[in-house]
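Asker: Sequence:
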Amino acid sequence: VNKVLTFDKLEDYIDNGMYMNAICGPTAGRIDSGVYELNGTVVLSKNGGDHHLHGGDDSYARKYFDYEISDDSVVFSLDTNNSEYPGKQRIQITYKLIESHLEITFEATSDVDIPMNLTSHIYFNAFEEESVLENKMRISSYRRLELIKQVPVGPIEDKRFQNMSKIIELDDPFILEDGNPSIIYQSKNTVLEVDTDYDSVVVYTQNYACPEFKGIQKGICFETQKWPNGINIEGYDAVLKAGQKYKHVT
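Okay, so the sequence shown: first residue is 1 according to our numbering, each after it adds one.
Derived from the structure by calculation, the hints contain no laboratory data.
Treat the hints with care, as some may be off.
[Stated by the list, open to error] Below, computed lysine to any residue pairings styled on SDA-like, alpha-carbon distance capped at 20 Å: (1) K214 <-> E169; (2) K96 <-> H248; (3) K159 <-> E177; (4) K88 <-> D113; (5) K46 <-> V35; (6) K96 <-> L78; (7) K96 <-> F124; (8) K3 <-> S73; (9) K245 <-> T109; (10) K63 <-> T94; (11) K166 <-> E128; (12) K218 <-> A22.
Since the model is a prediction, treat every value here as computed from it, not as a measurement.
I would like the entire structure built from these sequences, with the hints used as guidance.
Answerer: Spelled out as structure tokens, the structure:
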């Protein structure tokens, strides 16, 4: 039984407003006002209102990846120079089945310093329910990133979301604490556990429709990632250094 949202047409995955089941990057989430400082000022497009969203119009979500299929995994690779970000990057995303688990490995290298924050924008469906808001969620977090005009600005303590008997409308970044699993998403008959070595997750309850998909809150995303807008949050390390390797697993 399919547990994720899908489009009816293959071409709808290439360009849609939902980032349906895509890999987002170089920077997942919003960059405040589309500007960051790293070896000078870098000005990005504002494709998400007043801000830069999910890597802009040239996002990895819009790219064609090469791929290799083996018995238990698929490896997607991309050599790219996003038109808005400096330098050239190599991206590799591996989906691997391990018994009943799906493991996603995010890897990247760059020839220049660059903010790097890759996430998977998979929409899990409501399972047996009509809306994801009818399900339960438990998250290993007592802090979240405060949002000002939808942009994360820094951590605040907030324990309201640790155990939710019913999910509320969300598009919020949570700072993950030590715990296994990081997230439990549960309907009456189905349980999804999410674990990651990333230090945050954006929980998004599909609050908007798009022409390719009718209806809202039919899916939920657990966008495991580094802190969104981390490049603009003082003291947070959001930079992939030239020649170093980026690697995270969910």
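Asker: Take the hints in turn and mark each one as holding or not.
Answerer: Hints, one by one, checked against the model:
no., hint, verdict
1, K214 <-> E169, "holds (17 Å)"
2, K96 <-> H248, "holds (14 Å)"
3, K159 <-> E177, "holds (12 Å)"
4, K88 <-> D113, "holds (10 Å)"
5, K46 <-> V35, "holds (9 Å)"
6, K96 <-> L78, "holds (18 Å)"
7, K96 <-> F124, "holds (18 Å)"
8, K3 <-> S73, "holds (19 Å)"
9, K245 <-> T109, "holds (5 Å)"
10, K63 <-> T94, "holds (16 Å)"
11, K166 <-> E128, "holds (14 Å)"
12, K218 <-> A22, "holds (17 Å)"
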